[in-house]
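Peer 1: Spelled out from the first residue to the last, the chains are:
There are 2 protein chains.
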Amino acid sequence: MAVYTDVPDDELRQFVGEYDIGEVVSCKGIAEGVENSNYLLRTETGTFILTLYEKRVDPGDLPFFIGLMEHLADAGIACPTPVHGSDGIALRNLCGRPAAIVTFLNGMWPRRIKPFHCAALGGALAALHRASASFTMGRANTLSLAGWRGLFEACRDRADAVSPGLADELADEIDALAASWPLALPSGVIHADLFPDNVFFRGEQVSGLIDFYFACTDFFAYDVAICLNAWCFEADFSFNITKARLLLSSYRAARPLSETELAALPLLTRGSALRFLLTRLYDQLNQTPGAMVRPKDPLEYLHKLRFHRSVAGPSAYGLN
Amino acid sequence: MAVYTDVPDDELRQFVGEYDIGEVVSCKGIAEGVENSNYLLRTETGTFILTLYEKRVDPGDLPFFIGLMEHLADAGIACPTPVHGSDGIALRNLCGRPAAIVTFLNGMWPRRIKPFHCAALGGALAALHRASASFTMGRANTLSLAGWRGLFEACRDRADAVSPGLADELADEIDALAASWPLALPSGVIHADLFPDNVFFRGEQVSGLIDFYFACTDFFAYDVAICLNAWCFEADFSFNITKARLLLSSYRAARPLSETELAALPLLTRGSALRFLLTRLYDQLNQTPGAMVRPKDPLEYLHKLRFHRSVAGPSAYGLN
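Residue numbers (this note's numbering), protein chains in the order written: chain A, 4 to 323; chain B, 4 to 323.
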């Protein structure tokens, strides 16, 4: 949940006046997105999402994010489409922050993941990767191998206070991953944060993918690994191989995974688990008093990391 | 800002299925209302607000609140109208909480109060009082004179830590108000919390009044006093007599205030300032760690209280 900026009504009216979408009818801060302020904006012509980019998003990255959403929407992916102002510009300023209006997507994100969600997700993720492959801009993944050591060092001294022995376990894990991380796999722009709250469903179909603000250039199979972690574990941290099988088989039906990609899955799921463990650990150790965001539990991802370290090979993920 | 309960999508679908409003299209928690969880609900037939009543609202009061909104809407007041289920029932249960769906109101609440807002507010408040006069249910105001001493006693020991001398000042104020509080003035159901965030505008007109969950039976002029406090002070705590004059004159044009009511205004504004001072003080001293609500400053109302104590009479509010 996050609404950081309260937009005065007269500034909002002036801002919306720069678009051809009619007058503002209502505007309500919504509990969606953690990094930015999001508003459900209704005008005389329709419903939109207004996003104000807060300080955790680098303004230099915004043309990449806006360009990506436009590219994906043009390619038929159900994702927010930036709305251009009367002057043709999509990225503007409001209340001293970069701001954009994007289209509103119907659907709800699933609170309880059922197997059919994972089946539909696999297809949607593969379609996303097929569409992003033709996007020409790029953005380095600062939260992959190159970024882990820095995050870890910022947490190292206090990690054992969160869980005894955590600092040593993380140091060993980073060394192990650094020694064996794939050098080359099919790559392109990945979503990199496709958790359930970023995937809308209507019935059993995916109706929209949102929140592209971690999107970056990386292995497509790493995006698959992120989804295996985010969608295929139960609340008790047990791995649900049925969900994983459905996710992978529907992904492969739309975008085949090579033998090399499949063989790398146990390593990529470990890396992805480590990435979320580290950022959650960092956020927990560096909470701002008064920030209206409840930190997520880093240890959830320690359980997931240990599971992936224990598997014998990619067949653990339900591959046939 | 407050969304306390995360509603699973399947429970929501089942709940909305009990109404004749079509299927759920989307549902987003919104940053509105402090006491309850509110969602902007879109279905195949329209847009609504879904409210889950959290523990600060007494379930025994809900039939009064729901009945009041129905009565006011029938009388032509622009306020949320409860939607009845297929079985005729408006107050239902969702996620173990009382819940209701009400109509959605267009408009935005003003962040910067201008004189025209106060003029429009006065007329809307008078129309509300004229409409509520024929409502037959009642609810005692637990946050008036009878409730202040209890609130104060719960804060007394720690009040001076918030502001030196505050405990004595509050004790004296309660004694003074108890000795002179009006025994009888024209009464009926008042809103009792008509702050700017509960009043929607489109252009210079009031388009809706919301959040009736403090409504109670009390003096109509006390509701006027609450609005004088909430709308007619500047950020530097100076009293804006132009705004007060506009508020009062447009109120009186629609519902005349008797000489007795006018004479009571300095006392009623003091009482209203004390009420918000005490509840804010209590909330500040009793914050729940992790509650996603930023406490409001009690001392804002200490400044207002002192202003009203200093006035020579009702002419201080711009009465002609």
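A couple of the hints might just be wrong.
[As the list claims (entries may be wrong)] Here are some chain B residues pointing at chain A (derived, C-beta under 8 Å):
hint: 1; residue: ASP13
hint: 2; residue: ILE24
hint: 3; residue: GLY25
hint: 4; residue: PRO113
hint: 5; residue: ARG115
hint: 6; residue: ILE116
hint: 7; residue: PRO118
If you're looking for bench data, these hints aren't it; they were derived computationally from the structure.
Bear in mind that the values here come from a model prediction, so they are computed numbers and not experimental data.
A virtual CB, placed ideally from N, CA and C, is assigned to each residue, including glycine.
Peer 1: The structure should be examined with respect to each hint, and the outcome stated for every one.
Peer 2: Consistency of the hints with the structure:
no.	hint	verdict
1	ASP13	holds (7 Å)
2	ILE24	violated (15 Å)
3	GLY25	violated (12 Å)
4	PRO113	holds (6 Å)
5	ARG115	holds (6 Å)
6	ILE116	violated (11 Å)
7	PRO118	violated (14 Å)
In this structure, the hints that do not hold are numbers 2, 3, 6, 7, in rising order.
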